[in-house]
Amino acid sequence: MLIPLHGIASRRDLPLPFSFVMAGAVLALVISFAILIFAWRTPRLKRVGGRDLPRVTAVVDSSVVQLIARALILATYAWAGLAMMAGQDLLTNPIFGFVFVWMWVGLVPISLLLGQFWRATNPLRTIHRGLSAIARVDPEQGLLSLPAGIGVWPAAIGLFGFGWLELVQPDRTTLAVLRVWALAWLVILVLGAIVFGQRWIGAADPFEVYASTIAQMSIFRRVGDQLRLVNPLAGLNAWRAPPGSTAVVAALLGSTAFDSFTNTSWWIQTVQNSALPTVLWGTAGLLTMIIIVFVTFSLGAAWMGRYGDRPAWEYPRLMVGSLLPIVLGYVVAHYATLLIVEGQRVAINFSDPLGRGWNTFGSAEMGVNSAIFNHPTGIAVMQACAIVGGHVFGIICAHEKAVALLPPDRAVRGQLPLLLVMIGYTCAGLLLLFSP
Amino acid sequence: MSTPSAPSSSAAESPTWVPPSSPALSSDHPLTINIVIAKGKTIPNGVKYDMRVGQKVILNVTSDADDEIHAHTGGAGYEMQVQAGTPAKGSFTVDSPGSFEVESHHLDKIIAILNAR
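Chains as they are written, first to last, in our numbering: chain Z, 1 to 436; chain R, 1 to 117.
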């Protein structure tokens, strides 16, 4: 099988027709200003609300279910690890798709549908718990304690690292390279957990932090001891973002935007004509995108400090939840077809991790159903709806937070720069999909 | 919609003038892409072509070094060997909609992107 130049998918979605870009941008603008001017002036989502689910909670929290879930997930990762360490260095090795499609993209629908499932079943935590049990140590305690202000900053760095692996690392679809990264991930997180306690994993594992962040938009939310079925907007609004969340979200949005940007003619031609190595361009580009998102959002949110009674630097963290629907929109627009098509390929290859002709799960002989690619207009509509829809929910969330944080007569003025920033992200998202 | 044209002087490292490729948008006519690879650069250099599903793509390649041209058109894709100094010709059809890369495998560079509708 030919090794594609960029990543594992051999094809990309067609560019979005420009009419879609215009329509989407106009819709986003109109709805945003309509909400700004006409929407509610007092907070409506002060309480999470929703309905308790005592029976679901009992099942989910039962030690049997927890054990089985963690064991199954650990076994899945172990199987993938087998493919990585002992499989063939070909694109038919499922490990590449496992990491770049199942893990990186799959965690989004998993977290939306199942809440904090990823955190509950994280194999790193399972491994650490196992080691702690053998050493007869409390997994929560480490040798040192992690300062509270660390929040999820380590994960933000980890997300930049994964973005770099996904978009810049030369030869990323070779076993030699992936093994190094996987080993580093395992060691940094499990050793770190031994040093700092299990909290380290929740602070530093890029996948878990990504999943936990997306899970804030899930219909399932744990409030106190109970799982509740909630309005996702109410749940999102109730999220108390840990320190470093702005950097995490900037890394997610920035890396997705950069992924799209590398497909523009300007980028390809400039980088290919340049005497500078591609790795340098890639690193600079990725970092620039992330920094642009971080700075524009922080400034837009900090503006609210002029009208509220908190220091300006507190507002980005208070408002960052409103970016999550936009992140979700970007991820769906860019990676949905990848998950749907390449995800199948991983499932097929998963039956034969070592490339020896096995058919362990019975999927080895199946073909990938790529019928979705025969509907490019449908795909384009889905992409535009994802970006614009993400924007609308983001604006609603930002408005709700603004009226909760600012006095009613200033909520409109205070929100305006942030609104413009979010409109900027949405128009940029649509333009990137147009891929000039 | 991007239309390929004769290269500007900024691509002047190539000594020869490359005739513009035909941006035919009908599946009756093939899309011809004339490719020149010289001194580690390719012409076209990452140009996007609009085309129709079912249309045949013809590649005329001249290179100053041995190379492989790959077109990632889904499935096994298309591969073409090129010898240094010897013009080579190859063709393939694009069977389904999508955006596909045509690359120089040895140089790790995208020559063209085919947007097939």
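None of these hints come from the bench; they were simulated from the model. Take the hints with a grain of salt, since some may be wrong.
As the list claims (entries may be wrong) - Stretch-level coverage of chain Z by chain R, calculated; a stretch enters the list once three of its residues show a Cβ under 8 Å from a Cβ in chain R: (1) 78 to 87; (2) 226 to 240; (3) 269 to 278.
Claimed, not checked - Here are some, though not all, of the chain R residues that point toward chain Z, as calculated from beta-carbon distances under 10 Å: (4) 47; (5) 54; (6) 58; (7) 100; (8) 108; (9) 109; (10) 113; (11) 117.
Just so it is clear, CB atoms sit at the ideal spot from N, CA and C, and this is done for glycine as well.
Handout entry: Violated hints - listed by number, lowest first
Key = 1, 2, 5, 6
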